[in-house]
Structure formats: C-alpha cells, structure tokens
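Throw the hints in and build the complete structure from the sequences for me.
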Amino acid sequence: MFLYNLTLQPPTTINVAVVGHFSGTKQQEIVISRVTRLELLKADPNSGKLQTLLTHDAFGIIRSLTPFRLTGGSKDYIIVGSDSGRIVILEYNIVKNKFEKVHQETFGKSGCRRIVPGQYLAVDPKGRSVMIGAIEKQKLVYILNRDSAANLTISSPLEAHKSHTLVHHCIGLDVGYENPVFACLEVDYSDADMDPSGDAFNSTEKMLTYYELDLGLNHVVRKWSDPVDARANLLFPVPGGNDGPSGVLVCSENFITYKHQRVPELRVPIPRRRNPLEDPSRGLIIVAGVMHKMKGVFFFLLQSEEGDIYKVTLDYEDDKVNAIKIKYFDTVPVAASLCILRAGFLFVAAEFGNHRLYSFTSLGDDNDEPEWSSDEFMDSDTDISAYFTPRDLQNLERADELESLNPLIDAKVLNLTDDDTPQLYALCGRGAGSTFRILRHGLEISEMAVSELPGNPNAVWTTKLKSDDEFDAYIIVSFVNATLVLSIGETVEEVTDTGFLATTPTLDVHQLGDDALLQIYPQGIRHIRADRRVNEWKTPGNRAIVKAATNKRQVVIALTGGELVYFELDNQGQLNEYQERKEMASNVTCLSVGEVPEGRQRSRFLAVGCDDNAVRILSLDPDNTLEVLSTQGLSAPPQSLSIIEMMDIGTDASHGTLYLNIGLQNGVLLRTMLDTITGSLTDTRQRFLGARPVKLFRVTIQGAPAVLALSSRPWLSYTFQSRLHLTPLSYDMLEYGSNFTSPQVPEGIVAISANTLRIFAVEKLGTVFNQAIIQLSYTPRHFVLHPPSRNFVVIESEHNTYSPMEKQRTLDAKISEGKRFDPSLLDLSPEVFGLPKAEPGKWASCIRIINPFLGDTTSKIEFEENEAAFSITMVNFHSHNNELFLVVGTAKDANLAPRTCSSGYLYVYQFNEDGNDLNLLHKTQCDDIPLALLPFQGKLLAGVGKALRIYDIGKRKLLRKCETKAIPNCIVNLHTQGNRIIVCDMQESIHYASYRQHDNRIIIFADDTTPRWITTTTMIDYDTLAGGDKFGNFFIDRLPSETSEEVDEDPTGNKIMYEKGYLMGAPHKVSMISHYHVGDILTSIHRTTLVAGGREILVYTGIMGNIGVFVPFLTREDIDFFQTLEMHMRNEAPPLAGRDHLQYRSFYAPVKSVVDGDLCEQYNLLPMEKKRMIADELDRTPAEIQKKIEDMRVMAAF
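The number in my numbering is simply the position in the sequence shown, starting from 1, with 381 added.
A few of these clues could be false.
[Claimed, not checked] Below 20 angstroms or equal to it, Euclidean Cα-Cα: the simulated EDC-like pairs (lysine to aspartate or glutamate) are:
no. : residue 1 : residue 2
1   : K701      : E559
2   : K1200     : E559
3   : K1188     : E1243
4   : K1188     : E1198
None of these hints come from the bench; they were simulated from the model.
Here it is in structure tokens:
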C-alpha cells in the first residue's frame, strides 16, 4: 500500500504571533506561526477585518519567532527558531508575495532537544544582535549588521553557555545605544542534581541574569545576576534610552516585580476576581503580554491565566522608577500571544478556540476601575488582597475573528444531509469555550437581501450608467415575456424611463463605451445613449437571436441556424455591424468574448460553443475577423463559456493568464489556457460540479476577476494569494448570477433562485470549510450518532471545576458560615470568563443530545457525585430484542496522574421514541476507568483499565460474561470484525485477539514490535489497521496473511492458546507497511469518500485543527512519478525554516510508503526555470506535471 498525503485544512492553532513592518510600508502586518507553517496577516484599518496575505508550509516545528529591524531601516525581518538546528532570517518580498530566506546558519542538531537552541529568541531593540537560547545550557548570540551594498549580514555565533542551567525565559533589554544586554530567567540545578535528599532542590534559587554583548571585544559576559521569586515565569522589557528607565518586569505567581541593576525592586500584586467560589490559596500567573510605546508614554497589557487583561504602567522620573501601577482592563480569551497594532487593534492569538481582533475604544485611563500601586504593598510579601469585579468589554470591541478548531478532540465524517460531499462533525475547544462544529466544504456566504419576484425570472444583470461609475445603477431582471428594471439606491425600486424594452425577455445587458447601455433581446439590439436616444438593430426576417456575448466595445450575437453577427463600437460611440457574417456548421449553444485588455481597442478572441460537442476560437482582429483559429472537442454539448484573465502563480507569476472556462451540460467544468498570440487551446483541466448543466458568469472578488459557476450547487473560481481556487459556495442552488456593487455592498453578487432575487457577498476566501457552531458546557470527550433520529450524543467532562450540584453545596456552606457576596458575580458568562476553578480531583460532567439540523440541545444530563464520563457507544443487545441502548463509561473521583479512581461505572440508557431524550436503565460498577466501549456480537465489549471484558445486559445491571487481563497498561480503543478483536493499548500499540465462542475465551495472538502511545485507530480491512500516536506519527500495521489464515482456520483455538510468546509478547507480530510523521497528534481517522464517484481514502484530524487525507495510489507508474517529483522538490525547494524535509517526515522512524503531497504541490510555486528542469528529468512538460498534481487532489478530495 502506497499513500499520498494531502492537507485539506492546515493547523488552526497559533503558538507565536509577532507584529512589524514586514512589507516595508507604513502599515503593520502580523506574522503568525501555526506550529508547522507561517502566515502573514493584515488588518484593514477601515473595515477592521483580517486578511491573509500569504501562507507557507515550513515542514518543521516553529518554536519561536521575533521581528527585528536594522538601525535606520524601514523594514522588519523575521528570525525563526525551529527544530532544524539552524537560525533562519526571512524577508517578505511584497512583489512576489513570498518569504525569502536571507540567512541560514547551522548551530546544532535537529529536533526539539533541551540543549539545542531554538526555544527562545531575543533581539536587541536597536537591531544590532540576537540571542537564540535552549531550555538548558546553550545560548548563542549573533551580531547583525549590513554590508556596503546595504545587505543584511550575520556574524559567527558567540557563546553564552552555562552548564547545569535551565532557562525559563529570555528577552532583549532596551538599553538605548549602549552595549546590547539580554536578560534570562535561570535556575542552576547542579547542587540539586547531586543531592539525593532533596534539600538542595528545595533551596534552589531562580535568578535573573543579564548577559552583555561587548561590541568592542566581540564577547558575551554575565553582567549581573539577582535572585527572583521561585515561581517567576515571564519577563517583559521596559523601554530604555530616551524612552524610559530600562529594566524588566518579572512576572511570578501572584506578583509583578520591577527589577534592574543597582535599583531597588518594586512589586505589585496581580488583582484577582471577586468570586465566592474563589480559592485564595490558588496562585495566579501571567501567561501573555505586550508592551506598547507611544509618543512620550508606554504601557503594558498583561494577561492572567484566567483571561483577564491588566494595564500596567510605571511612574518614573528620568531613570528612577517610583512605583508600578496595575488595573483591570478587560477580559478576552487566554492568549498564546498578544499584539498591538498602531492602527488601534489588539490581536489575540488564543491558546484554544477562535483567534480575535479587537479595536481599542479607550485606553482605560478614564474609567472607574480601582488601581493598585506598589507603594501600597511595600511592607508585605504575602498580601494579595487586590480584588476586582469582572465585567463585559469596556475598552475593547471585537472587530474580527479567525476560526480555529484547536483543540480538535474527536470527529466523524458523515453525510446526514445527502449532499454531494459528506460533512465533518467535530468536537472542539476546552472548558466553557467548547463547541460542537459542523464543517461543510464551501465558502461562507453573507446574505444581504432576499426579495420575492412576481414570477420565475430566467436571468439577472447589473449595469453602471458610465464606465467610470463606482457603483451599479440598475438591476435588470428578465422573465419569459417581460423585462423588469430596478434602480439601486438606498432602496431598490422599479423604474420605467430607462430606455430598456420591458415587453420582451432580455438575453444580455452591458454598459457600452463611456456612457451608453446595451440591451439584447430575441428580435434585436437596443443601443441606449446617455441622452436616452435609442438606436435599434432588428433581426432579419423571422430569425431570432439565441445567444449573445458582449464587452465594453464588442457585441457578438448568434441567430437561429448558427449564423454569427459581429458589432464593434467606433470612436464616435456608434455601434457598427461587421459586414461579413459567419455561418457555423451546427446550432450555437453559447458564446463568450473576453474583456478588452487595458490599452487595446478590442478583445482578440471569440469563443463559440456548438451542439456538435465542440468549442471553436474565432478571431476578432480586423485582418481575419471571424476566422476559426482553434477547435476543441468535448465529451458533451457546451452550456456556457467564459473567457477571463486571472492571476495564477502556477502558470505565470508576472502577469495574468487567459483562460477559457467551458461549462458542459453533463455538469463538468473545463478550464483551458487560451494562447494570447495564436488562440490555441492547451492544458485542459476538468472538475465535476454537479448533476445540472454548468452556467458561467463573470464576477469580481476582492477587485480581481472571478467566475461564478452554477450547477446543482454554486461554485466560485477565484484567485487567492496568487493561486487559482475552485470552491463551492455554502448556499442554495442558483440559476443565474451577476456582479453587484452599491454603497451598502461594495462587492457582492446578485442572483436568482426560483422566484427570489438574492444579494450576497462571499467572505473568508481561501477557507476550505464553513462552520456551524453549537456551544457546549465542558470539554468534550467523545460522541456517537443515534441513527434512527440522526441526533448526536456527546459526553463532556471538565477537571478542576465544580459540577452544578457541588457548586450549590459550596455556596450553601459559605452562606451558612455567614459569608456574604454579590449574587451577580455568579451570573458571569462561562463562555467569556470561564468556569470557576476547584481543587484537583473535582469534576463536572454531562451527557448532551444534539440535533444537528436545528443546531440545538434536546437533552442534557448532569452527572453527580464527582463522576466524569470518558467513553460512549451504541449497543444492540441481542438478549433484549436487538433494542438500541446507549452505554456510557464514567469514573468517580478520577485522578489524572497517577491514573486512579475510587470506582468506575457503566451507565445504560434507553432512548425515548423520537430519540431526543434518555432514560436511565441501570448502572454497573467496575474497578477501573472504562476508556473504551464497543458493540460486539450483540453484547458490550469494554476496556476497563487493562482488562478486556464482554458484558451482556441484565435486568438490574450488566452481566460480565468474559474477561482477559493480557493487555499491558490501559485499553484506549477497540475494533472488531467477526470473532477478531483489535485492542489498542495506551503505551504498547496494538494487540490482535480472537474470541473463542465455544469456551468463551479471548486470546491475544499478535502484537506490535513498536511501543506506540496510541491516540486513534481505524480498521482498513480484516488484517490492516491505521493509527496515530501521541508524537504526531501516522502508521499502518498489517497482520501477515499466513498468520490470519492460521488463526481463523483453527477451530478449537488451542494452537494459538499454547503458542510460545515471542520478544516478551504475543507469539506473532504485525508488520508495519506505512509510516509518516504528520506533525500533529491525530485524534480521528476515517475510511470514507469525500467526492462523488471518488476513490476511498483515509481522512484524519489532528488536535491542532489539522484535517488531511491519505490517498492510495492505483498504479505503480503514479508511485514512481510522485516519488521522483518529491525527491526533486526536496532538493529544489528546501523548507523555509531550514529543516531537512526527509528528516522531518522521518522524525521518529523512517518514512515508509507515503509521498508528501503538500511538498509536491509546492512545484507550482517554483520559478519557471526550475519547473522546466524538473519536468525534463521526469520527461514531461510543466503543464502535465501541474495537471497530474491537481488531479490527485480533485479526484479524491478538494
């Protein structure tokens, strides 16, 4: 088995975000790391929307990012710390829209190692040097400069190592133009390592250390070291030089401390929420923050682990700090990074859930929030009595949101709505921000208006009055026997004095020349001048116009019988007919003429589709007008045509490419390159869009031309990040469409569906899925589908929080003790402020039934007595008339490390008639946590701890029928087919077992030689299993066919029962047939098909929101082709972060039988010289290679 890996949706998590002037303009951009890829974002200051300018796969783990600017420069560079063992400096090329590698310096081994630098990056604020540090021991300093040609230079590394030292954080200190200084939080563990008693460990001090780079001596020295709080975790540099007093803010548990060399330290407590359920002994730490400088003033926004943001300011004179002041600012989701943009935005890269962009409404200086100063706490080291009342946003306002699936805990691929493509149902998030999401393939639509019309229209157009108008003036709707003209203003209303003929259907409408309008109807053409004068051309005899194509200067019509008539606008604004007409050999079914290129008088080509299954390109040049230049045969009659010029970096990065789009009557869309010199048609790509004939319409998306394709589902072909995309729209079936612009809708589409007129806009270009979201209460664990009702049953469990019953008991106890509190403190939204924290070992858990069609919860059952749900399944018990039951595995007083519980339970529920509610039948106690449940031959197969059991249903509880304890650690997943059972152990990979019915025994007969930490698995066939582990690996294991046959043919089972074990395990071993490092922890794998008529593939999801597929190759020829292409791409397109691609995909074990499709798709980004070189090696043309790469994706996925 050979597989081709493709990413459908890249990881949605953000681990680092930085802000800077990366394009060299005045506007700031944000560079984010999604662990394995880099993205460049821009916040539109007018609309407040985030735009993705560029995304690039790094094929490595990006551990740290930082921007820097050389002294006197206007452009920021990006320094990347990764698992490559190299420091990489990138520059954004705005012309090519790509990241370019400026420098790459090797300093250590690859991989995320504790003593190899890459975890920490710190730059001198003046752009003179950078420190890259490891978690332990090693720190390297590079000097940055420019040469005589103003190019960036980097020095050899200077060492600042210190043995037996752990580094917790590292920053660059602002010291103006003095020698650069770096500050580190360090712990020397040398004494603790040598002391077996542990006394030295308890007395270990955490130190704040300054490292100074002497630019004169080219040497790094330890300048100053001072002890800090043992639980200090973050440092923030204080502006220095002419901007401030310099120094650092040290964030530790419950306190923020200002420290600097030769000055007294100042500390202020971190304010805590007023909450009657608050545990005062629980510490509070800062997890993220940002410093912002304005003219003559600066401040810090620091965020606690609960999401509260505090504004921290320093009261200072000259270089002396008199006090630190802190006040509550607002509450936002807990962030991995915070970025402030000078345009007045705060970007929150959330740890979990959606990332958000906020606009500042104020800086929090004028509100009544209490402020605490270090002066008030000078004599106290333990006083943390600073409390505030949380509230809704006051200083921030949400402007935009980036959807994120992180963490994606479980998913299922199902087609409950009977669409062309299945939907992906996913459990996402953590805590009260958890969600159940329904992902559908398609772009999200924002519907602006829907209006009913007096009948069923057959076409719609919009037009401007003058060519230089910004907005459209009219909407023209054509019916079977009439034409309706609507004016566009504050309201849309019918008008009659426009010059349009209202008593006939219309075939086409266009704005002609500078200020004229054109209406084509079956009996003629109306040329409407700006002064309302009308020139009319009538069809000869009884013939009628059947098809038409227009642009601003040219008109082509097809008459009945296949005759073409060509008109062109002269310089006086007169529409002149070309005297010679063209007779086509068969009836014309569609026409298209391209837009007039800038600086030209006419479009050179006319495309004509006929019912003889052919499309012909005709010349519109004066020398050879209506002469056939090329012909392309088709598999079905063409329904519509569209000649359009679009940017595509895959064919030509410097200027647009002219395409002919052909919509066929069998639902297939063809896209062919149209040669601008000869008119020849080459490089045809095809895509099946739906069961209905494909109609094509030219529209504008983000200022660039695009094609709206309508079949049984609307599709959009558009350019995003200089690449062509063809994506369905998540909207109703449409029959006709046109571009629409107005002051209220600057860029939209007007379309007709049945008897309605619709105006909508396309949002979030570049996305693969649109999402419907249903809110959950706690962290979801697993879910199952109830087939009769098509409802989903979800189990949720949250650690370190109160269940509703426990919460009420705690409040009642406090009231009985005489404590008073404001009841409004209990009404805070958990989605915004989170759930109240409880001590370890406390759980809140529930079962929820969700109707995915209505998007609501039909039933919710809370667990009491500190129980948490961990597993769920649906079982048809044969002994109970095959009735469908829900079985839920829970644990009471569960502890995570070590994994213990006071008792486990198996709950059995019955569904009511409509499947919207549950009734408890009984519960059964067990001795460990049941983490895996599965129906098995009309009974329940349960993994309880390390025990594998078979239960049958009884009247009062489940009855244990069979058990084996041959599993080493803990069962986390189960699969079965016939009498075969596949058991997945938490730490020891997979075990094959057989159930012997005649003596009711389960016997383990095969296992794996690799001790994998299993996260998810799925059976591919009777002998083959695909899975993922906790280290981001995907693998396929297969039981040898001889072993499989031997086990199945043994009627008694005695042979496998008494076989001698091999390698301290089962007597037989599975063989690994595929292995691949995905770079994300897989949480689900599904064998399914994603496109109509496509091949079966494996769809996987990752915890960081990654969604991808493994496509099996069908021929040996394809395997050889893509393996060779992958080899060339490794050489010609080395990864951005400096990682070796083969090493990355072989992170823990050599890659086997998998080709990286994401790397192969980067062939489209290569310069043309490299494309040709690789194509020559493969004995193909670049277009053939690009077509083969595209086919691999569209034939199996999207």
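If you check each hint against the structure, which ones fail?
-> Of the numbered hints, just 2 does not hold.
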